[in-house]
Each structure stands twice: as C-alpha cells, then as structure tokens.
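Q: The task is simple: from the sequences and hints, build the whole structure.
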Amino acid sequence: MNASSPLRIPVLSSRFLPVWRRNLLVWRKLAAASILGNIADPLLYMLALGYGIGSFIGEVNGMPYVAFIGTGMVCQSAMFTASFEGMYSAFSRMHVQRTWEAIINAPIGLDDVVLAEWLWCATKAVMSTAAILLVLLALGFGHTWHALWLLPLGFVVGLCFGAFGLVMNALAPSYDFFTYFFTLVLTPMLLFSGVYFPVERMPAWLAHIANALPLKHAIDMARPLMLGHAPADVPLHVAVLAGYAAVAYYIALVLTRRRLLK
Amino acid sequence: MAPRTGDPERVNAAADADSALAPRPPGTRAPGAPVLRVEGLRKRYGDAEVVRDLGFSIARGECFALLGPNGAGKTTTLRCCLGLIDPDAGSIELCGWPVPEAAREARVRVGVVPQMDSLDPDFSVTENLVVYGGYFRLPRQVIDARIPRLLEFAGLAAKARVQIRTLSGGMKRRLMLARALINDPELLILDEPTTGLDPQARHLIWDGLRQLLSQGKTILLTTHFMDEAERLATRLAVIDHGSLIASDTPRALLVAHVEPEVVEVYGDEARAWAQARGRALSVRLELAGDTAFCYASDAAPLLADLATRSGLRYLHRPANLEDLFIKLTGRELRD
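Protein sequence lines correspond, in order, to chains A and B.
Heads up: the first sequence runs through residues 1 to 262, numbered per the numbering used here.
Heads up: the second sequence runs through residues 1 to 335, numbered per the numbering used here.
Quick list of in silico lysine-lysine cross-link-like pairs, DSS-like style, CA-CA up to 25 angstroms:
hint, chain 1, residue 1, chain 2, residue 2
1, B, K159, B, K172
2, A, K29, B, K159
3, B, K172, A, K29
Which chain A residues face chain B? A few, computed with CB under 8 angstroms, are given here:
hint, residue
4, R21
5, V26
6, I103
7, N105
8, P107
9, G109
Quick look at which bits of chain B chain A covers, simulated, 3 or more residues with Cβ under 8 angstroms:
hint, region
10, 83-95
11, 120-132
What the hints contain is simulated information worked out from the structure, not anything from laboratory work.
For each residue, glycine too, the CB sits at the ideal point set by N, CA and C.
A: Written out as structure tokens, the structure reads:
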C-alpha cells in the first residue's frame with residue numbers, strides 16, 4: 001500500500017495527548033452544563049418510565065423496573081454522549097472553528113487528531129455513565145463492586161459510537177446531516193437493544209436482528225453487573241463492541257484523511 | 001519578541017558534519033543552506049494540474065512572497081511544503097527535513113498563520129497560546145516565559161485574559177501571528193496574512209512582520225496584495241496556473257518586465273484618445289473599461305499631450321508590482 005494512500009495503516013502515538021487535553025480543558029469550562037445536558041434526558045426517562053410504568057409491571061428479569069430501565073439508560077447515555085461528541089462537537093472543531101487545521105500545522109498528524117477525538121468521545125461517555133450510575137446508586141440500586149465495571153463498559157460503548165459519529169463527521173456537509181444518524185441508527189438501536197424492555201420477548205426474527213446491534217451487547221453485560229454478578233458470554237459481547245469500534249474508527253480515519261489531506 | 005532559544009549545538013553539529021563531508025543528519029542544515037527548498041513540485045486534482053513544476057528556495061532571513069491570482073496554486077503549494085498534502089512529483093526540504101517523509105519533524109521549526117482564523121473560541125487569549133504551545137510539547141515554563149513577550153509583540157498585553165469572541169478582526173490576526181511564534185520558529189509561513197483587515201490593522205501586521213525580519217526570522221507569505229509584497233518581500237515569485245512565471249527581487253522584476261513610468265488616463269474620451277495619440281506616445285498601452293494605462297520610459301511627451309485635453313483626467317505614477325502582476329497574469333477576472 002502506498003505510504004500516502006488514505007487507506008494506510010493508522011498511526012497510534014502519544015501525540016494525541018495534547019489534543020485530548022485541549023478538549024478536556026474546554027469541557028472543564030462548561031462541565032456543569034455539559035453533564036446536565038448529557039444526563040438530563042436519560043434521567044427524566046428513567047424516573048418517569050421507571051416509576052410510572054414500573055408501578056404496573058413490577059420486576060423485569062429479576063430487577064425493579066426502574067433499575068432495569070436505569071441500567072439501560074446508562075448504556076444509552078454513553079451511546080448518545082459519544083455519538084453527539086463525534087458528530088456535532090467534532091464538526092465544530094473540524095469545520096466551523098478550524099481547530100483541527102490549526103493543530104495539524106503544528107507537529108501533530110491528522111491521525112493523532114482523530115485518535116484524540118475518538119478517545120475523547122469515549123472519555124465523555126464514561127463521564128455520563130458515571131453520572132447516571134451515581135443517580136442509580138443514590139436510588140439504592142447497584143450497591144456492588146460489579147457495578148463499577150459499567151465505567152469501562154461505558155468507555156467501550158463510547159469508542160464504538162464515537163467512531164460511528166466520526167464517520168458521520170467526516171462525511172457531513174453541515175450539521176443537518178447528523179439527523180440521518182439519529183433516525184436511522186440511534187433510534188432503532190434504542191428501541192431494539194433492550195433499553196426499555198427485554199429483547200427476548202420480541203419475535204425471534206427481531207431478536208436475531210437485535211443481536212447484531214452493538215448496544216444490545218453492552219446492555220447484556222450491564223444488567224448482570226448491576227445485579228452484582230458476572231455476565232455470560234463476555235468475550236462475545238466485548239468482541240462485537242470492539243469489532244464495531246475498530247472498523248468504524250478505521251473508516252472514520254480514512255474518510256477524514258480524504259476530506260482534509262487533499 | 002523572545003530571543004532565539006534555538007539549539008546551537010545542533011547547528012554546530014551540522015557545520016561539523018558538513019566540513020567532514022559526512023552525510024548530514026536529517027533536520028540539520030549546512031550553514032547557508034536554504035530554509036525551504038522546493039524543486040519540480042507538481043500536484044494534480046483530477047484533470048487539473050494545480051501546481052506545475054514549481055521550484056524556489058528561501059534563504060535564512062529572507063521574506064519571500066508567493067504572488068498569484070486566486071486559484072494560482074499558492075495555498076496548495078504551502079500545504080505541500082508543510083506535508084499536509086502529498087505532491088505528485090518533486091522534492092521539498094523544509095528546515096533540513098525531507099517533506100512529506102519527515103514533515104512532522106520539520107513543522108517543529110515552523111510557525112503557520114493560515115488564511116482563516118482558527119483561534120479556540122472557548123479559551124482566553126493566554127489559554128490559546130498555552131494550548132498551542134502544548135502541541136509542540138513545549139514545557140510549561142518555556143511557554144509561560146514566552147507568552148508575555150508574544151502578547152507585547154502582538155499589542156495584546158492588556159488583553160491577556162480576555163475571551164476570543166470579544167477581540168476585533170485585527171486583534172485576532174495578531175493573536176494568530178503570536179500563536180505561530182510560540183515555538184520560536186525558524187520559518188514563519190503566512191497565507192494571505194492581511195486579507196479582510198482594515199488599513200490600520202494591516203499596517204500593524206506589517207510592522208510586526210518587519211520587526212520579525214529585523215530579528216533574523218525567515219518569512220514565506222502568499223498574497224495578492226501588491227502593496228503587501230512591495231513593503232515586505234525581499235524576493236518574490238509570481239505564479240499563475242500553477243507555474244512560476246517570474247522570480248527575483250521586486251526591483252529587478254520591475255526593471256525586467258515593466259516600463260518605469262505609468263500614466264493612467266480616465267474619462268469618456270480616454271479610449272478615443274488612446275487610439276489617436278496614446279499608443280504612439282507609449283511603449284505599451286492597455287485599455288481596461290474607460291481607463292487607458294500608458295507605460296513609458298519617459299512620460300513627458302504623454303503628459304504634455306494630456307495637458308492640452310480638458311476632457312481627460314489622468315494620474316502619473318511610477319510603475320509598481322501591480323503593473324508587473326497584471327502584465328504577467330493578465331487582466332481577466334479569476335474566481
């Protein structure tokens with residue numbers, strides 16, 4: 001493969017650090033608003049549906065419904081936070097503010113920038129995971145060491161959806177483009193991954209499709225962890241999430257190189 | 001501006017290596033070697049060859065201007081020099097490093113002011129400099145030591161803690177310039193540094209650049225403002241359609257390509273006068289709209305004739321780079 005081909009192997013180096021740190025510094029200035037924005041929605045759903053619908057149906061899969069949906073919300077918010085960061089925020093930095101252009105004029109490569117943005121998406125996913133987990137803990141759920149595994153899980157979910165977001169970012173002519181991703185990817189993901197109800201109750205063909213969705217695999221691990229025991233099939237779930245993440249990251253990098261290095 | 005904190009050992013090592021006729025390690029330059037050397041550069045997008053066999057070199061302490069109309073290939077050339085795009089052919093050596101192979105190493109010694117402002121709107125003036133210094137892996141003490149002098153240089157000492165969105169266009173440009181100096185670069189590259197600025201702001205940028213030149217910095221700039229090139233450039237290259245059409249000192253180019261005196265004649269009758277009298281009295285005459293540009297080695301006969309015509313207004317001036325530019329690249333509009 002040609003050394004200058006956009007398909008060349010990704011460069012992974014610690015040069016991503018100052019770029020990642022830049023995003024952290026900006027985030028610190030707006031942290032309160034940012035956390036609120038990331039968790040307000042899932043929190044409201046969790047409380048309203050959890051206690052509202054929960055009062056009709058009681059326990060689901062051995063959990064009070066509010067904890068059931070709350071655990072789903074942890075994964076959902078990791079997904080939304082990372083997607084949003086990979087699309088809207090990355091697009092602001094790449095296109096509107098030209099931050100990436102400024103950075104690659106310094107001795108930092110575009111590969112370093114994309115790596116930094118990718119890891120930053122996952123970092124933010126961990127932050128919203130932590131915020132919702134804290135609420136669940138305050139409500140009296142998940143008082144078990146196993147629940148702490150939700151944090152690294154949030155990171156992997158963030159890598160997966162952050163990479164999806166960065167693919168969209170590389171293709172986007174404007175912010176409007178991201179609506180497709182919400183309608184075509186995130187909404188189905190939300191409805192068919194078992195956030196609100198167990199996927200096992202759906203028709204078999206639908207359950208099969210659900211098994212291809214990365215969020216489903218995150219949730220399959222999150223619920224047992226919340227209940228304090230180790231999930232089944234961890235290697236499979238991790239492999240699916242990591243596989244989606246790695247492939248999407250590579251596609252995002254290739255498309256971003258095509259877009260900016262020409 | 002902060003004193004040079006370059007790496008004297010490295011420069012000496014280069015000199016020693018050279019005297020021993022050993023191959024120079026990359027990133028070191030022989031004394032007197034160009035800061036930037038471009039040879040046979042070519043870049044094609046689809047069917048359009050944007051850069052065609054371009055070559056030039058810039059010596060230490062020079063201010064080299066790339067002049068050309070919109071779409072002439074100036075920005076593409078700069079991006080090739082920085083290793084941000086790979087040329088189809090040609091060789092580039094930037095600060096002793098081969099580009100694009102060692103572009104990142106080369107960019108350690110280069111400061112870049114791109115065409116569009118790219119300051120971080122979420123940071124203050126100082127924070128912008130601190131964060132940018134971080135991209136060069138500069139220790140925090142070094143960055144903190146440089147910032148006051150950079151702000152002083154940019155006339156932003158009173159704005160250190162101010163948010164970017166409150167700065168004027170001219171201040172933002174000056175901060176862009178200061179930011180490009182955070183690594184104390186050997187070469188400063190500016191892509192149309194004063195486009196969109198008012199005259200006061202432009203003069204401030206020019207003063208800053210002249211100050212840098214007097215401190216021995218090397219500058220490469222692109223511009224389509226002739227007054228900018230005239231004021232700053234020690235040497236310039238006119239490029240059009242991706243090819244170099246002329247390169248020399250501004251004075252030598254004028255002498256070589258343009259008659260020394262120009263008389264611009266305006267008015268309804270300018271065209272008729274140009275055909276009847278102007279052509280005969282000029283070495284070269286160009287018509288653009290209702291204006292006749294008369295180029296001459298001695299404008300006295302032209303002026304004597306014009307003094308008798310009450311219907312015409314005229315301006316007598318020495319030839320400048322704009323005349324050269326138009327002669328070399330033509331009068332038609334470029335978009």
